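Protein chains in written order, with my numbering: chain Y, 1 to 244; chain P, 1 to 244.
Don't read these hints as lab results, they were simulated from the structure. None of the values given here were measured: they were computed from a predicted structure. Do not take every clue at face value.
Repeated chains share a single entry, so a pair holds when one copy, or any two copies, can fit it.
Said to hold, decoys possible - In silico lysine-lysine, DSS-like type, Cα no more than 30 Å apart, as pairs:
(1) 8 with 78
(2) 215 with 8
(3) 99 with 177
(4) 242 with 211
(5) 177 with 215
(6) 215 with 66
Protein chains: 2
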Amino acid sequence: MSEESPLKIDACFSPQLYSVYKDEDSIVVIIDIFRATSAICTAFHNGAKEIIPVATVDEARAYKEKGMLAGAERNAIKIEGFDFGNSPFDYMGEHVVGKTIALTTTNGTQAIDVSKDAYKVVIGAFTNMSALCDWLVSQNRNILLLCSGWKNRFNLEDSIFAGAMTAELSKRNPNYKLGDACLALDYLYQMAKENPMKFLSRASHKERLHKLNLKDDIRYCLQPDLTDCIPVLENGVLVKMKLR
Amino acid sequence: MSEESPLKIDACFSPQLYSVYKDEDSIVVIIDIFRATSAICTAFHNGAKEIIPVATVDEARAYKEKGMLAGAERNAIKIEGFDFGNSPFDYMGEHVVGKTIALTTTNGTQAIDVSKDAYKVVIGAFTNMSALCDWLVSQNRNILLLCSGWKNRFNLEDSIFAGAMTAELSKRNPNYKLGDACLALDYLYQMAKENPMKFLSRASHKERLHKLNLKDDIRYCLQPDLTDCIPVLENGVLVKMKLR
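Could you build all of it, start to finish, from the sequences and the hints given here?
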């Protein structure tokens with residue numbers, strides 16, 4: 001990166017807006033707090049070898065039929081016949097160790113799909129936030145926080161996490177120039193951080209998960225720093241980043 | 001509208017996302033605070049008869065060549081050869097009384113263009129906020145706050161205004177169900193309302209306008225309730241709404 005222009009952080013609220021924010025120099029952080037990116041971090045923390053993100057259920061099924069483990073979620077529900085949905089609790093335990101898993105979700109894997117040609121694509125969640133921020137700051141690059149949203153709509157939980165990332169990154173390097181979305185999210189996170197669970201109580205997707213009795217999932221996904229794993233996309237496949 | 005499901009308010013941060021939020025029953029409020037929608041309200045308050053919003057400079061020029069008044073702005077600057085840019089101060093005075101004006105702007109007229117087939121499209125700004133909220137509540141309809149943004153990106157001033165609208169509408173009718181974007185903006189506005197000018201000091205477009213020495217425009221556009229005019233789109237043309 002040139003030394004003259006300041007490093008930038010911006011946030012994009014929907015995969016459908018990615019083309020507007022696209023910038024070949026940026027590292028893209030994929031965010032789908034409830035629950036895809038939280039689950040992906042959990043899988044690698046528990047020893048998964050690779051996750052192949054795919055956009056459609058048919059693609060995931062094709063992997064499954066070849067004998068691979070496969071996860072598929074639509075509208076917050078695990079699709080029948082698959083090994084996993086997108087609950088982090090599905091990805092804990094011996095059954096994921098050393099495994100390659102194909103995964104499709106309503107929102108998160110769509111965000112990976114649109115940004116797959118970026119300079120670098122990494123996976124962010126509250127559960128790996130500090131490790132991710134440390135690494136991002138060390139890279140000296142522009143950062144784009146890509147919120148998966150809900151079916152291309154803005155959602156509150158991804159936005160609050162993007163606000164938390166903005167705050168943490170700015171703390172580590174106060175020279176980042178923040179785009180308008182990050183300025184807004186930074187303020188929003190200041191209001192949310194005391195009690196994110198309560199702050200999210202009126203959010204549409206929390207309501208959706210609450211109806212499905214997924215309160216434990218919500219609580220888990222809002223816990224910071226459970227892992228140092230940073231999942232990174234390499235040749236279309238997510239692997240655990242090797243840090244020095 | 002059915003009596004069973006609650007009335008909804010949602011906000012869309014970019015014309016490029018409109019297709020996701022589109023809903024045939026909603027009233028769409030077009031928001032481009034710096035400066036198109038503020039200027040449009042000013043024009044009607046000063047007696048303009050009609051404003052024809054057009055997407056391209058060529059279309060505006062065609063109207064101009066037919067002898068009509070025409071405004072054209074790109075990148076915050078009035079285009080040479082046109083009668084107006086998008087400064088509200090351009091639209092004050094005798095020269096607009098009874099006139100039809102063609103207008104194209106970087107963002108605002110694009111937002112009108114994408115939503116023109118909605119149930120109803122109205123123009124919102126701080127300068128007509130109370131009159132607009134009173135009317136919207138009386139309509140008993142879903143409301144979509146369509147932020148024009150900056151070249152399809154989220155911007156802070158349109159978002160804060162959408163937050164102000166959310167707060168004012170909810171005050172008048174606490175039964176509106178708020179989409180996630182409105183929940184976020186409602187919080188954001190609570191932080192901004194004491195001093196919007198200061199709150200916006202780091203915003204990208206305020207910086208842009210500040211460089212162009214447009215501080216008076218910024219101050220004017222943030223003043224609430226200078227007019228009762230509600231511009232409404234009728235057959236592709238903006239006119240002043242006739243209230244009972």
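Going down the list of hints, with the structure as the test:
In this assembly of identical chains, the alpha carbons of residue 8 and residue 78 lie at most 30 Å apart only when taken from different copies (29 Å versus 37 Å within one copy). In this homomeric assembly, residue 215 and residue 8 come within 30 Å of each other (Cα to Cα) only across copies, at 26 Å, whereas the closest approach inside a single copy is 35 Å. Taking CA atoms no more than 30 Å apart as the test, residue 99 paired with residue 177 passes in neither setting, with 40 Å inside one copy and 44 Å between copies. Taking identical chains as interchangeable, the C-alpha atoms of residue 242 and residue 211 are never at most 30 Å apart, the minima being 39 Å within one chain and 45 Å between chains.
In this assembly of identical chains, residue 177 and residue 215 lie within 30 Å of each other by CA distance solely across copies; the values are 22 Å between and 36 Å within a copy. In this assembly of identical chains, the alpha carbons of residue 215 and residue 66 never lie at most 30 Å apart, being 34 Å within a copy and 64 Å across copies at closest.
Hint violations for this structure: numbers 3, 4 and 6, all remaining hints satisfied.
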